[in-house]
Amino acid sequence: MINWFKFSAPSTFYPLAGKLVPVFWLLAAIFGAIGLYIGFFVAPTDAQQGEGYRIIFIHVPASWMSMFIYCVMAFWSLLGLTFGTRLSGMMTTALAPTGALFAFLSLWTGALWGKPMWGTWWVWDARLTSELILFFLYLGYMALHAAIDDPRRADRAGAVLSLVGVVNVPIIYFSVKWWNTLHQGASVSLTKSASMASTMLWGMLIMALAFWAYTLAVALMRARAIMLEREANTEWVKHLPDIRRAA
Amino acid sequence: MPQLFAMFAAYFAALNRDLLLVMRRKTEVLTALFFFVIVTTLLPLGIGPEPDLLRKIAPGAMWIAALLATLLGLQRLFAADHADGTLEQMALSPEPLSILVAGKITAHWLVCGLPLVLLAPVIGLQFDLPTDAIGILMLSLLIGTPLLSLIGAIGAALTLGARGSALLVSLLVLPLYVPTLIFGAGAVESYITGLGAAGHLSLLGALLVLAIAFSPWATTAALRISLE
Amino acid sequence: MQWQSLSDFLAMGGYGLYVWGSFGVCAVTMLAEPLLVRHRRRQALRDIQQSQDI
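Protein chains in written order, with this note's numbering: chain A, 28 to 274; chain B, -19 to 208; chain C, 2 to 55.
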């Protein structure tokens, strides 16, 4: 049986993450290339939306990732609060900016899709609105973490916040949806294109894989940076081969 | 059985203490209340006096004013007790900390939430709301404002001892207030449009039950982290 | 293949601004983020280096 807790020590995780980062960059590049090829050259022109629909090949995967990353953060938080591992707080902190980036990209591409399709940059649709709230939750997590000086305390406070947030996200989504049906004037259905071509679905799935690999690569890189910053005075950091090379 | 009694005693002791402290400094109660009145008075001045328009925005405007007014009192919920060490004494006391926290949250609602419910009819008249709609508004505020105190307490506990905590609380807590705002203001709106408020009010009630079960526990966890 | 020429591809059937606006911002931010993180790690290494030399 593998001792998983062994990997949760920064001294063993740091070199492991260093080996994994290039692997995930490679995966991100391969999946990204395939996904973009499908998105631009294989997927046919949409009958109603013309070429403008090609935005969904990044819009939908970015939205998926923004929600997925928040769930992963909550998972690490739960792990951190129950077992008190140092690594889980670092991983949560390392994931948050990337999650916020995907939430932002989802909103940005959504606006650029909405303008030609619906004639407006923004509609108070349930999905768009909850994505915006999710973006605020990411910002709140990062602001709270940055405002507490002691990193261990910041990790634990952030963990409680992300768990409270993950309970709230579905409630927020359904409340906004409920609100949307009450104000029927503003509602625009996104699900009309239910007969989505399977090439489109494949393109989105592969792009989602590319974003997933990207997220892992960046989060591991950031986790390594955080480890160095926090553990600057420990023995294992002093004996890192990286130190010599940086000079 | 005596254990249960001790827990109730601890709850009321915490509640009593906070209410007493507030009574010594009455301005704090009045600040939130005054803020609520001023914001709802300024809104028509910014938007225009057409009664139709005002009637339409009244539920949302009053609910948003209520959200902001409860935010005002949040930083004070634990800050003073944290500064003078009372909070640490509470954490060490034999009674569960969550019971004491529940008492403090109740005190916050009695001071910052309940007055808004009682004041709502007066503001409602300013917005030309019909009498029965004012009743629904009061009911929605009565269920919704405890929810605001319960959710806000988590944010107040998390930001305890953080830099710039006053601003931070609003950034953390306001997004979590979205469902309360939607169901609270929506209850009045759907009542006015003839759809009935029962659905919204029961959902608000369900959220309140969820928050009563979850919030004191999460707040206590956050307080223990701040006290480390 | 539905594109006759490069300009046809760039025009995106009249949606060029929106499509390239989305993909462009996506590409820029996803290139900038790793660079910033790499800079952060190098900075941390340099700080440790300096504190050791002293």
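Honestly, the hints are just simulated from the structure, not real lab data. Careful: at least some of the hints might be erroneous.
[Stated by the list, open to error] Among chain B residues calculated to face chain A with C-beta under 7 Å, some are:
(1) Ile37
(2) Leu94
(3) Val158
(4) Ile162
(5) Ala198
(6) Ile205
[Unchecked claim] Label-pair ranges, simulated between beta-carbon atoms:
(7) C:Asp9 with A:Ala224: 35 to 43 Å
(8) A:Pro178 with B:Pro76: 41 to 49 Å
(9) B:Ala(-11) with A:Leu105: 50 to 58 Å
(10) B:Asp32 with A:Phe110: 32 to 40 Å
(11) A:Thr109 with C:Asp9: 34 to 42 Å
(12) C:Leu37 with A:Leu228: 48 to 56 Å
(13) C:Asp48 with B:Gly28: 31 to 39 Å
(14) B:Gly28 with A:Val194: 53 to 61 Å
(15) A:Ala259 with B:Leu94: 19 to 27 Å
(16) B:Asp64 with A:Asp176: 18 to 26 Å
(17) C:Arg43 with B:Leu33: 20 to 28 Å
Ideal Cβ positions, reconstructed from N, Cα and C, are used throughout, including at glycine.
These are the hints, each one checked on the structure:
| no. | hint | in the structure |
| --- | --- | --- |
| 1 | Ile37 | violated, 13 Å |
| 2 | Leu94 | violated, 24 Å |
| 3 | Val158 | holds, 5 Å |
| 4 | Ile162 | holds, 4 Å |
| 5 | Ala198 | holds, 6 Å |
| 6 | Ile205 | holds, 4 Å |
| 7 | C:Asp9 with A:Ala224: 35 to 43 Å | violated, 21 Å |
| 8 | A:Pro178 with B:Pro76: 41 to 49 Å | violated, 29 Å |
| 9 | B:Ala(-11) with A:Leu105: 50 to 58 Å | violated, 34 Å |
| 10 | B:Asp32 with A:Phe110: 32 to 40 Å | violated, 59 Å |
| 11 | A:Thr109 with C:Asp9: 34 to 42 Å | violated, 57 Å |
| 12 | C:Leu37 with A:Leu228: 48 to 56 Å | violated, 33 Å |
| 13 | C:Asp48 with B:Gly28: 31 to 39 Å | violated, 58 Å |
| 14 | B:Gly28 with A:Val194: 53 to 61 Å | violated, 40 Å |
| 15 | A:Ala259 with B:Leu94: 19 to 27 Å | violated, 51 Å |
| 16 | B:Asp64 with A:Asp176: 18 to 26 Å | holds, 21 Å |
| 17 | C:Arg43 with B:Leu33: 20 to 28 Å | violated, 58 Å |
Comparing the model with each earlier hint shows violations of hints 1, 2, 7, 8, 9, 10, 11, 12, 13, 14, 15 and 17; every other hint is respected.
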